[in-house]
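Protein sequence lines correspond, in order, to chains A and B. One point on numbering: in numbering that gives the first Met the number 0, the residue at position 42 of the first sequence is 41, and numbering is uninterrupted. One point on numbering: in numbering that gives the first Met the number 0, the residue at position 372 of the second sequence is 371, and numbering is uninterrupted.
One or more of the hints may lead you astray.
Capping the alpha-carbon separation at 30 Å, the derived lysine-lysine pairs in DSSO-like fashion look like this [claimed, not checked]:
id : chain 1 : residue 1 : chain 2 : residue 2
1  : A       : K108      : B       : K12
2  : A       : K159      : B       : K367
3  : A       : K109      : B       : K4
4  : A       : K149      : B       : K4
5  : A       : K159      : B       : K12
6  : B       : K9        : A       : K55
7  : A       : K151      : B       : K207
8  : B       : K9        : A       : K149
9  : A       : K109      : B       : K12
10 : B       : K336      : A       : K43
11 : B       : K307      : A       : K149
12 : A       : K55       : B       : K4
13 : A       : K43       : B       : K307
14 : B       : K367      : A       : K108
15 : A       : K159      : B       : K4
16 : A       : K43       : B       : K9
17 : B       : K367      : A       : K43
18 : B       : K12       : A       : K164
19 : A       : K109      : B       : K9
20 : A       : K151      : B       : K9
21 : A       : K149      : B       : K12
What the hints contain is simulated information worked out from the structure, not anything from laboratory work.
Residues per chain, in single letters:
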Amino acid sequence: MDDSVFLRLYEDYNRDVFNFLIYLTRNRDIAEDLMHEVYIRVLKSYGNFEGKSSEKTWLFAIAKNVSIDYFRKQATIKKHTNLHFDWETTELVAVDRLPEQLIELDDEKKVVLEALHSCTGDQKMVILLRFFQDLTIAETADALEWTESKVKTTQHRAIKALQEKVREEDRA
Amino acid sequence: MSKEKWDEEKIDKTLREMPTIEDRRSKEEVFQRLKNDSRLTAGQPKKRVSKGKWKPTIVAVAAVLLLTILVPTFLNHTEQTAMDKTTSQEATESVKMEDHSTIGNENAANEESAESADEIMFSRVTDVHYAAYADSTQIPFRIGLATDQATIIPVTFLLPQEQVVRDLQTSEPDTVALYNAYAKKIDEETLGFTAYHPYNAEVSSENKRVVMKFPANHSYDLASATLEMLNLSIQATFYGMDEVEFLQEDGSPIEFDQVGEVAEPITLTGAAKHQAYYRFTQSNAEQLLSSNFGQSYETVEEALEAMKETPNDIYSSVVPSNIDFTVTEEQGIVHVKFTQQLDLDRLQLEDAMQLIEGILLTVASFDKQVQFSHIVQENWMNFDFTQPVKKPIGANPKYLIIE
Chain A
0 MDDSVFLRLY EDYNRDVFNF LIYLTRNRDI AEDLMHEVYI RVLKSYGNFE GKSSEKTWLF
60 AIAKNVSIDY FRKQATIKKH TNLHFDWETT ELVAVDRLPE QLIELDDEKK VVLEALHSCT
120 GDQKMVILLR FFQDLTIAET ADALEWTESK VKTTQHRAIK ALQEKVREED RA
Chain B
0 MSKEKWDEEK IDKTLREMPT IEDRRSKEEV FQRLKNDSRL TAGQPKKRVS KGKWKPTIVA
60 VAAVLLLTIL VPTFLNHTEQ TAMDKTTSQE ATESVKMEDH STIGNENAAN EESAESADEI
120 MFSRVTDVHY AAYADSTQIP FRIGLATDQA TIIPVTFLLP QEQVVRDLQT SEPDTVALYN
180 AYAKKIDEET LGFTAYHPYN AEVSSENKRV VMKFPANHSY DLASATLEML NLSIQATFYG
240 MDEVEFLQED GSPIEFDQVG EVAEPITLTG AAKHQAYYRF TQSNAEQLLS SNFGQSYETV
300 EEALEAMKET PNDIYSSVVP SNIDFTVTEE QGIVHVKFTQ QLDLDRLQLE DAMQLIEGIL
360 LTVASFDKQV QFSHIVQENW MNFDFTQPVK KPIGANPKYL IIE
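Put together the whole structure using the sequences plus the hints.
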């Protein structure tokens, strides 16, 4: 393992990728496990990184794949009846306990966050990358291995879905 | 909060204002954990850790499915597959366990405990394998297990050698001895399969011949599909034996409803089944690799080509539609060259592993080894793609928990 590669990756991306993983899993321990897994995959194939995409989107693409592997495994363990685990249409549910920072959020943020967690996997990923990580449409498309138009459509649907969910919450 | 308040702008703004949740671990802590992970230490083997037991699945009654699924008849199939007799002994002997140990790594033992803790933690995320490899401390017990879709899936239980020696007083038991000792101990339903074993028959062996004596009340000839399942399961179970003879309890020839008297012993194909491997998905969503109802191919090129297409609703291709490869064979090594550089880390781990191990199992069923080319990673999940990859000894490894 090349120490200098790790140190640089850590400085440049640990904060963002960890933030992505903890919002996705809502569990600090799991986010730490998945972060470790991301490093393993990145460091193992770093020498072969071709630079077709930016390093940042490459890392997020790996973080996405690591998370989906985790959620799929969880779905298998929980014996979901669907034959194929389709992360784009499935809620990526991993609610154990909320990280403490999220408990302290104001009500509006809490409502939006709860709504986000009942969105489908594709919507959740797009929101996390576009709004939490400030990735551009092109970067998000690269990280999710989608076309840019799919990113735009999914983002649009996600915002609509969030809007409906928070309004429902208000009515309740 | 009023209804109007939640316009798109407000949602947008709220999302962007979410706080960043920090990783509380220090850089050193994160780094240390990586240094303790054997996957980053070149050449060191990754110990497989037993997966948690699958919770019992709902076992559907397969009878209707059995009658409706189109399968070749029992006899036709037997003729089709009775082509190659390579014993598993030969296969096992030809597969030498790769020695991964790093010379001069004196700290290996000290690192062991830290590694194993980390690996157990990660086994749920990373321990994804669809093929088993030779290991001098384990004895493979292969068996065909039944699913609720009336299919037979080959499974390889890796039994600790010392356990087998304790139970059977030999480190080289034949497959019938393994079957009689362990088939009854498999909790098939917990593993996501339907209860099928042990056979309702007395199973014994005479040299390389398996003898199965069925009581009058057996129901294997209820339909052509149940007979086909019996055939597929014995083919996947009795490795290393040449043939199997079906008899009545008293030793006289048996008559099956669907096919009449079974006069000739059935040839067992052993390790060289000449099959293509596909993805099978259990009702509990677990994915496994299997041949397409035992279909066999003349050449390894044909089998690998067949893998690219999904054959039916039960089995699907492990080769993603945007990935293609060419196949050539030189001096017994099958060269699989991807037409475009394949970055395995861009695939989801399970899909990538199914692709690689599906190819390995297909080629191993021709008793050959694979050399991959055009893969971005030279080393990946303990595979060394710079040279021919170790040949698997069985499909779908599982650990049999024996009390």
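Consistency of the hints with the structure:
1. A:K108 / B:K12: The given pair, whose Cα atoms are some 10 Å apart, holds under the 30 Å limit.
2. A:K159 / B:K367: With Cα atoms ~55 Å apart, A:K159 and B:K367 exceed 30 Å; violated.
3. A:K109 / B:K4: holds, 15 Å
4. A:K149 / B:K4: holds, 28 Å
5. A:K159 / B:K12: Measuring from Cα to Cα gives roughly 14 Å; hence the hint holds.
6. B:K9 / A:K55: Distance of about 28 Å is within 30 Å: holds.
7. A:K151 / B:K207: violated, 64 Å
8. B:K9 / A:K149: holds, 23 Å
9. A:K109 / B:K12: Holds, at about 14 Å.
10. B:K336 / A:K43: Holds: B:K336 and A:K43 sit about 21 Å apart, inside 30 Å.
11. B:K307 / A:K149: holds, 27 Å
12. A:K55 / B:K4: violated, 35 Å
13. A:K43 / B:K307: holds, 28 Å
14. B:K367 / A:K108: violated, 59 Å
15. A:K159 / B:K4: holds, 14 Å
16. A:K43 / B:K9: It is violated: about 42 Å lies between the C-alpha atoms, which goes past 30 Å.
17. B:K367 / A:K43: Between B:K367 and A:K43 the Cα gap is close to 28 Å, so the pair holds against 30 Å.
18. B:K12 / A:K164: holds, 16 Å
19. A:K109 / B:K9: Holds, at roughly 14 Å.
20. A:K151 / B:K9: holds, 18 Å
21. A:K149 / B:K12: Given that 30 Å is the threshold and the Cα spacing comes to 22 Å, the pair holds.
Hint check: violations occur at hints 2, 7, 12, 14 and 16; the rest are consistent with the structure.
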